[in-house]
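Given the sequences, and given the hints that come with them, work out the whole structure.
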Amino acid sequence: MVKSSTLILGVAAQLLLPLQLLFSVFLLLRGHDAPGGGFIAGLVAAGGFALYLFAHGRRAMAAILKVAPRDLIGAGLLLGLLSVVPAWWQDEAFFTAQWWTLPFGIPLSTPLLFDLGVYLVVLGALLTAITALVEIDQVDNPH
Amino acid sequence: MQLALLTGFVMAALVPLLHRWIGARTALLLAALPAAIFIWLMTQWSALAAGEVLVLEQAWVPALDVNLTFRVDGLAWLFAMLISGIGVLVLVYTAGYLRGHVDLPRFLVVFIAFMMSMLGLVLADNLVTLFVFWELTSITSYLLIGFRHTDPLARQSALQSLMVTAGGGLALLAGFVLLAQAGDSWSLAELATRGEAIRDHALYLPLLVGVLIGAFTKSAQFPFHFWLPNAMVAPTPVSAYLHSATMVKAGIYLMARLHPALGGSATWTLVLGLVGGMTMLVGAVMALRQTNLKLMLAYSTVMALGTMTLLLGVGTRAAVAACLVFLLAHALYKGALFLVAGILDVMTGTLDITTMGGLRRVLPWTAPTAAVAALSLAGLPPMLGFVAKEALFDALLEIGPWGWVALVAATTAAGLTLAVAAIVAIRPFFGPLRDTPRRPRGTPPALLVGPALLAALSLLTGVAPGLFDELVTITLAGLGMPGERVHLVPWHGFGGPLALSFAGLVLGLLVFRAWDRLRDGLVVGLEPLVARGPEVWHSAMGWRTLQLAAWQTRVLQNGHIRTYLVTTLLAWLALVGHALVVRHGALSWPVSAWQAHEVMVAGLMAAGAMTACVMRSRLAAVAALGSMGFSIALTFVLFSAPDLAITQLLVETLTVVLLALVLFRLPHFTVLSSPLERLRDLGVAVLVGGLITTLMLAVLGSERLPRISDYMVANGQPLGHGHNLVNVILVDFRALDTLGEVIVLALAASGVYAMLCFRAEEAGHG
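Going down the list, the protein sequences come from chains W and E.
Numbering-wise (UniProt numbering), the first sequence opens with residue 1 and increments by one.
Numbering-wise (UniProt numbering), the second sequence opens with residue 1 and increments by one.
There may be inaccurate statements among the hints.
Cβ-Cβ distance ranges computed for the label pairs, FRET-style [said to hold, decoys possible]:
{"no.": "1", "chain 1": "W", "residue 1": "A60", "chain 2": "E", "residue 2": "A621", "range": "24 to 34 Å"}
{"no.": "2", "chain 1": "E", "residue 1": "G577", "chain 2": "W", "residue 2": "I8", "range": "48 to 58 Å"}
{"no.": "3", "chain 1": "E", "residue 1": "A623", "chain 2": "W", "residue 2": "I8", "range": "21 to 31 Å"}
Everything labelled a hint here was simulated from the structure, so no lab data went into it.
All values derive from a computational prediction rather than experimental measurement.
Idealized CB from N, CA, C, for every residue including glycine.
What follows is the structure, encoded as structure tokens:
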């Protein structure tokens, strides 16, 4: 049941995954001003990967993801913690948000970094759970 | 300075990488960090000598009065110098001692982390910060004692030390909270100026008990002393650095630091005097029972720590000055002796002092180093140890009738310590050369630099103790005891202290001559006492706690999720229900008229819930739950909370995905509970639902406090630069909460992974 052989699902997943990922990044970036944000974006991205997993199997998904889902969790937590440091540098209270404008008018801020961390943790946690479930399925039914 | 500490922690994290690139030289490279701190401290000396106090401010959590401000006064400077200076020497020593050890990177990671924590402990001005660093030293000490983790004894000793020191840490935390209440400040500097108010406060006794238990456990005072000798299973650099020169003195530091705030009361003098004196004697006697070199030194450390506590208890200016000199002298000679013990261990393969002999011919540099350091331990001129001991006797001679009791105890302890020093310096090195498990060869210089330098310093400062006049005077002034300049002299002249020293010398030499017979007597004679000693109580207490934990796990954590749910809900019901009954306001009914579609959504929700309860197939139950979830999302839409609605929809979707994965793996959908149990569950469910409804109505009825959402709405754009309040709250206003949530999420994912994949692995192998 993990790897479906339906042509329609396979093609759809292939087309939908990039769109969903793009949409999730869109949600992440607009989150501060409109509905969205790291948590929702992470859920959307996880949904995209889950669809791909059902259509093409665990190995194909791992090949696309490139990193282990558990590393995403670690990276997200680290990013969340690192977003604390700039405030410390400015001699301000723990977690005080910092706002910068990069060249070409690109805004950057510690809340955005933090939200990115949340995004990665949510994505990583869900994919960890899903792949773990798939893996034991394959241990029990090797074919 | 805060940056230096942060750098240290970052460097600790990078050690494994460094080790991959430059190998064993990592230890030498790392020594540059404490060396830099040492030099920086030196440059601050002139300012300090001019009577200034260096304050390095750094905010942390201002809303909770927690800051990272460091305050460098005489006491902090003295400790920081010891920590960084001896730290450099021990790191150099480690490069030779653990050369080629597979776990060297792990050792260095923890070691550097400890060093930074210890520096933070002595520099912090805030009680909370001090406590954080305090606990960090306990944890790093635990990891270092258990360094040889394949040895069950090492693991057991590490755990014991953690249990004792962390248990004391809990008492300390309670003491600190009370202290902050009594003194109305979290700053040590401010507390020091409010001594009278604190001592007259109703909470003085409980807070003193808390703080002292913390200090006593850390500094291995009787009856908590037993963990320190057991900690000797750690590698020797750890014994020299943590368990003699720095960490065990954290308790002494704390008592000295809080002396202006807490000291001087009759209780303080009595408790510190009794405990310190007892520790001093126990340490001195127990040291003579040992044949293991490190254990002997450990018990003599216990004796020294007791002496310092005793002196702080006496609390006169002369006594505190003596305590400071004693502390310095002890750090120098004991550090050297432990490092020498490590050399003997590496060279001969044993630490049993009765099997060594004649080593001075094969270890020509180690023998004089040991001799010089032991002279200081013995308290003989011209060493710093002698100056310290004279100061000790001087201080005790000054006080009234009780001083005589203390003097007799101190003289006895000094005599016994002299015997220990003689044994350590003479037994391994003189007499005929004995066969040892390993044949000693030349000692590598990396091992010799540290102890030789420390021993030389003991000698140098013993000849010219006047170097410390300024430092001791400034430190005393910082502890609220200003006065004329202290004069330390290498030779005190003939008088009371010298007579006592002589008495100690005679006693020590007698004990040394008769040591072999005396030791047998002590081993046999004290066995009944040791067998009923505090260590046995402690392990019995630990065992009982485990039994209690096993019992309550059996009752509460029986593996059935329905039991957990019922327990949790009932507990919640009792607590919230009680609060609601005791202080409820008027219940108010929502005034606005109900719309037809709202009623429909509510009906859908209720129908979904009820259907899920009565369905006979799993798929149908899941579908019913799903319809309820979507109705909830609809509610969020109706009340214009798009973020929540999206999240709810996505969560529902992903739940279906997860269910699809596990659906075929679940056991058959059967009825497990009896009708009676289901009736009980129905009752709990109805009660919980009713309580939630009542709670909501009560909240609506009583708006006593201004609504937090008004603040959020007003400040979301100007402070948070965002229009989506939910997101501004999540990532900015309440970012700390969110961080906690994502950590929980990460833990849950790790739990799922561990439960599923380890079982899969077992299945795969089996």
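>> When the structure is checked against the list of hints, which entries are broken? Sort them ascending.
In response: none
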